[in-house]
Amino acid sequence: MNPSPQPNDCPLSPLIARYASCTLEDAQAAHLDAHLPECNQCSELLMQVIDSGVVPNWIPTVRKLQRATTVHLGQAAEQAAGALTASAKYSEITKDLDASTRYQLVRLHGEGGMGQVWEGWDTVLKRRVALKQLPAGQQHDKLIHRLHQEASSLARLSHPHIVSVFEIVVLAEKRTIVMEYIDGPTLSRFRKDFVMGERQAAQILEKLASAVSHAHEQGVIHRDLKPANVLLCWKDHAGGATQDLDQAIPKLTDFGLARIVEEDYMTRTGDILGTPAYMAPEQTVGQANLVGPGADIYGLGAILYELLVGTPPHVSDDPVATLIAVREREPLAPRAIRAELSRDIETICLKCLRKLPKDRYARAADLQSDLLAFLDGRPIAARPLSSLVLAMRWSRRHKPVVLAAFTSLALFLIIIVGSLWTAATERKLRQLADQAKQQAVLSEQKIAAEADRANRALALNQEHFDVALYQVLTLAQLMAWPQFSGQEPKQEDYHRKIDEVVKKICATYLNSLPPPEQWTLREALIVSRYIEMMNGLGQPDQFVVWQERLESIVHRIEQESPKDPSLYDFLDRHNFVLWNHKANIGQFQLSGHYGEKSANAVLSRLEFYPDDMYQLRRCAYLFMIAGQSYSRAGDHANAQRVANKSLSVHRQLLSKAEATEDDKVSFLDKLIMHRQIFVDGKHTEANEHVAEFHSLASQFEPSSEFYGRVQGIVQRFDAIQGPP
Amino acid sequence: MSVQFDTPLSLLERVKDGDEEAWKAFAQKYTGVLQQWCKVWSISQVDSEDVIQDALLAVLIGIPKFERQRVGSFRRWIKTIARNCWSDAVSRSERLKYLDLKRTLQSPAACHELEEQFDRIAVEELLQASLKRVRRRVEERTWEAFRLTALEEQSAAKVAELLNMRVDAIYAARCRVQKLISDEFKQLDQD
Chain A
1 MNPSPQPNDC PLSPLIARYA SCTLEDAQAA HLDAHLPECN QCSELLMQVI DSGVVPNWIP
61 TVRKLQRATT VHLGQAAEQA AGALTASAKY SEITKDLDAS TRYQLVRLHG EGGMGQVWEG
121 WDTVLKRRVA LKQLPAGQQH DKLIHRLHQE ASSLARLSHP HIVSVFEIVV LAEKRTIVME
181 YIDGPTLSRF RKDFVMGERQ AAQILEKLAS AVSHAHEQGV IHRDLKPANV LLCWKDHAGG
241 ATQDLDQAIP KLTDFGLARI VEEDYMTRTG DILGTPAYMA PEQTVGQANL VGPGADIYGL
301 GAILYELLVG TPPHVSDDPV ATLIAVRERE PLAPRAIRAE LSRDIETICL KCLRKLPKDR
361 YARAADLQSD LLAFLDGRPI AARPLSSLVL AMRWSRRHKP VVLAAFTSLA LFLIIIVGSL
421 WTAATERKLR QLADQAKQQA VLSEQKIAAE ADRANRALAL NQEHFDVALY QVLTLAQLMA
481 WPQFSGQEPK QEDYHRKIDE VVKKICATYL NSLPPPEQWT LREALIVSRY IEMMNGLGQP
541 DQFVVWQERL ESIVHRIEQE SPKDPSLYDF LDRHNFVLWN HKANIGQFQL SGHYGEKSAN
601 AVLSRLEFYP DDMYQLRRCA YLFMIAGQSY SRAGDHANAQ RVANKSLSVH RQLLSKAEAT
661 EDDKVSFLDK LIMHRQIFVD GKHTEANEHV AEFHSLASQF EPSSEFYGRV QGIVQRFDAI
721 QGPP
Chain B
725 MSVQFDTPLS LLERVKDGDE EAWKAFAQKY TGVLQQWCKV WSISQVDSED VIQDALLAVL
785 IGIPKFERQR VGSFRRWIKT IARNCWSDAV SRSERLKYLD LKRTLQSPAA CHELEEQFDR
845 IAVEELLQAS LKRVRRRVEE RTWEAFRLTA LEEQSAAKVA ELLNMRVDAI YAARCRVQKL
905 ISDEFKQLDQ D
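Here the protein sequences come in this chain order: A and B.
Oh and the first sequence: position 684 is 684 in the numbering used here, straight run, nothing missing.
Counting from 1 along the second sequence, just add 724 to a position and that's the residue number in the numbering used here.
Chain A on its own, in the form it takes in the complex (with noise of 0.2 Å):
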């Protein structure tokens, strides 16, 4: 098999490899191609050369571009098709297309899109089959034997619920599909005779996403998913009477055929093709390549929701408008049709119909599962929307606006937002949305519509509540931004608008909530961000009034409430804010104690997350802005004892492996403070950390960007007149 390399003394041997690799220069070339007939020695090397697998370097780019245009139907199978099909099997599939004589046309079913759909005879096998007529195209070799490599990849899909394809053939000049014939109607007009329950739906979806999921693993995306593409059809029965629709066995059909006549249609129209209702909205845009699986998952929530409410997600007379709203809006939420639908199945069904293919169900088998889950009684893995999920959307068409314009403030408003709704009543939301229609002056129409949208949304019930003060605060956003007139909006209009909203929005919040006495932890970490920004605003009578309700909770709460980060988040919040009051009118002890609280919480919440570096930099620093209040005062014990705390938290700070130069600085200040602490207490030991100052600023070279930093901060030390 492998003989030793025969002696080879032909002079011209060495140059046999780079022949085979295409590296030679051409007069060499052509000498070896004269040569090679007459020397058997350098035709054998030639042979064995490149059975080793020496070949030019272009090679296994074309293999790979070969390989692209038989793997996958939905994938950009032509790019490398011109150059390569044509060829030796060419023959054969004519072959097989005059074969096709062996089919006849019996009755004219119906007729489509997709082209006629016959009810057919095979007179070799002698059974009824389906013969599906595309519009007659463009016949060149080329789609020929793309259709060809496409029928060998339908007809690898088998599966119970999913048509299968036997072959194409050319039957009356026109390209034709053979399939499995089903007796029985299309799932679009059974649905018009019966109405669905929500569990006969989910059914149903959980056979058809198993059917996609299978030819989703085979490389096949069916691209027109609709309800008129699946049929029923029952065991027993040949499409009898008793046509009960938990027996009905669903079976897809058309699979992969939306991009054989999409593609020869667009290259002569450069129209889309398809039905708009069902349509993904990254199949409106035209853009074949961008079409993907998801595309199906949309496809089967646009099914399931017709089952659901009795109409596609997105309807209308005029196919640009439903188009538009394909792309652009979202459908009105199933249970707002039917409010007798669980929450679970609409979840499921809004899941499919996001705008982006990332945001839904990643693959059919994730929908199917979802759907078992749902059939079982089981929780199932999607979750609704979130309000900040809303607001990211949102934010996603209006980017400029956003960007320009979302300050700390708007923030606040959405946590707000995604935090009250359960909180608020309908009567009050319409006060708002009505109160914010007022005040549209400035781009009538778009806000209106807003405003509109926000009525909408809230006539529904009141769990949409975040979804209709999220629409309010787009109203301030868009006030304060006179986008129609062409003009920059200024900074401070900005400010001022949502300055306006935030407080009316607070306003109405405020006064629906409960005594204090039933507060929870909620409400009371509400009440506490409004509380600081009362104290940022300067709104001092406000900030008592609140303060004073607050304080009176407290207690209870953390009894009452689970130890848990958000807890202790409150606390923080809350004892900080009053360690601020407390000196600013001077009760320097009281400011203390609550500094000190302040920082034990951060301390508590360090449990949960104990790497948690911007927690361990503000519980340093809480500790020692707690002990400056406590040195103010006079208590220099508690003082030097919470400073020495601070000390000790920072020292854990920079243990870590994520402490910066800049954590080490800021140690440097604490000494300073802590030196202040132990010195206005003429305490010894604020002379035991001064080695441990210099030594560690002079680690800072004068190359450092820190230097002047720290150099600023040794000439304060120094200041600083110790003990003795």
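Hint data in this document are derived by calculation from the structure and do not stem from the laboratory.
Treat the hints loosely; a few may be bogus.
[As the list claims (entries may be wrong)] No more than 30 Å apart at the CA atoms, straight line, and that leaves these computed lysine-lysine pairs for BS3-like: (1) LYS582(A) to LYS682(A); (2) LYS763(B) to LYS355(A); (3) LYS753(B) to LYS358(A); (4) LYS882(B) to LYS748(B); (5) LYS910(B) to LYS753(B); (6) LYS763(B) to LYS582(A); (7) LYS64(A) to LYS910(B); (8) LYS748(B) to LYS355(A); (9) LYS748(B) to LYS174(A).
[As the list claims (entries may be wrong)] Listed next, the stretches of chain B that the computed footprint assigns to chain A, with coverage defined by at least 3 CB atoms under 8 Å from CB atoms of chain A: (10) 848-857; (11) 899-912.
[Unchecked claim] Covered stretches of chain A (in silico footprint by chain B; criterion: 3 or more residues with CB under 8 Å from a CB of chain B, positions within the stretch not fixed): (12) 19-25; (13) 51-60.
Fair warning: this is a prediction, and the values are worked out from it, not measured in the lab.
Glycine residues also receive a C-beta, built at the ideal position from the N, C-alpha and C atoms.
Following the hints, position chain B against chain A.
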């Protein structure tokens, strides 16, 4: 929907002449590359749509300018276009102003990667055109000998039987076609 062009240059020629179909084919091809590239550089889906649109526009504007300057290799030329149009697009883009991406997009590593991507496509296109041209010039059996052994990696003995040729003739045919394609490739690149 794709339209086959005989050479990549003729595609660009037609883009330059404002042929809409050529432009579509061009945009479709390069959108894929740019998407891949954006993914590598962690640009979000939404941003990358903007980026790609700007880059393609820059190419459209830039092509006539560069056509006049082209000397020699098509591959080198398309890389130059990629680099220059790209930095043009990035510096002019209004949208990119809002995104903190400029530095990433203009970093040498990113530009190099982009050039490589464009080169990869240029190579693929030149190869396809070369294959197509050679295919037209050689005899059916010669072509099949090459295709089945070199591309489908079937054994020479089996192919010899299928095509009713001698084994050594199969090797010779394969080598001849390879050589023709290599030459055609060089020729097209230099044209």
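For this session: Mind taking a look at whether chain A covers the stretch 848-857 of chain B? Criterion is 3 or more residues with CB to CB distance under 8 Å.
Result: holds (count 6)
Problem set entry | Given hint LYS682(A) paired with LYS582(A) - CA-CA distance at most 30 Å | With a Cα-Cα distance of about 25 Å, the restraint between LYS582(A) and LYS682(A) holds, given a limit of 30 Å.
For this session: Verify the proposed pairing of LYS748(B) with LYS355(A), using a straight-line Cα cut of 30 Å.
Result: holds, 25 Å
For this session: For the pair supplied as a hint, LYS910(B) and LYS753(B), confirm whether the alpha-carbon distance does not exceed 30 Å.
Result: holds, 22 Å
Exercise. Is LYS882(B) within 30 Å of LYS748(B), Cα to Cα?
Worked result: violated, 43 Å
For this session: Please count how many residues of the stretch 899-912 of chain B have a CB within 8 Å of a CB from chain A and say whether that reaches 3.
Result: holds (count 8)
For this session: Quickly compare the C-alpha distance for LYS64(A) and LYS910(B) to 30 Å and report which way the hint goes.
Result: This hinted pair holds, its Cα atoms lying about 20 Å apart.
For this session: Mind checking the alpha carbons of LYS753(B) and LYS358(A) for me, to see if they're no more than 30 Å apart?
Result: holds, 23 Å
For this session: Given the hint that LYS748(B) pairs with LYS174(A), test it: the Cα-Cα distance must not exceed 30 Å.
Result: With a Cα-Cα distance of about 29 Å, the restraint between LYS748(B) and LYS174(A) holds, given a limit of 30 Å.
Exercise. Taking 30 Å as the top limit, are the C-alpha atoms of LYS763(B) and LYS355(A) close enough?
Worked result: holds, 20 Å
For this session: Mind taking a look at whether chain B covers the stretch 51-60 of chain A? Criterion is 3 or more residues with CB to CB distance under 8 Å.
Result: Holds: 5 residues of the stretch 51-60 of chain A have a Cβ under 8 Å from chain B.
For this session: Apply the coverage criterion to the stretch 19-25 of chain A and chain B: a residue qualifies when its Cβ sits closer than 8 Å to a Cβ of the chain, and three qualifying residues are needed.
Result: Coverage by chain B holds for the stretch 19-25 of chain A (3 residues, Cβ < 8 Å).
When held up to the earlier numbered hints, the structure conflicts with 4 and 6 and fits the remainder.
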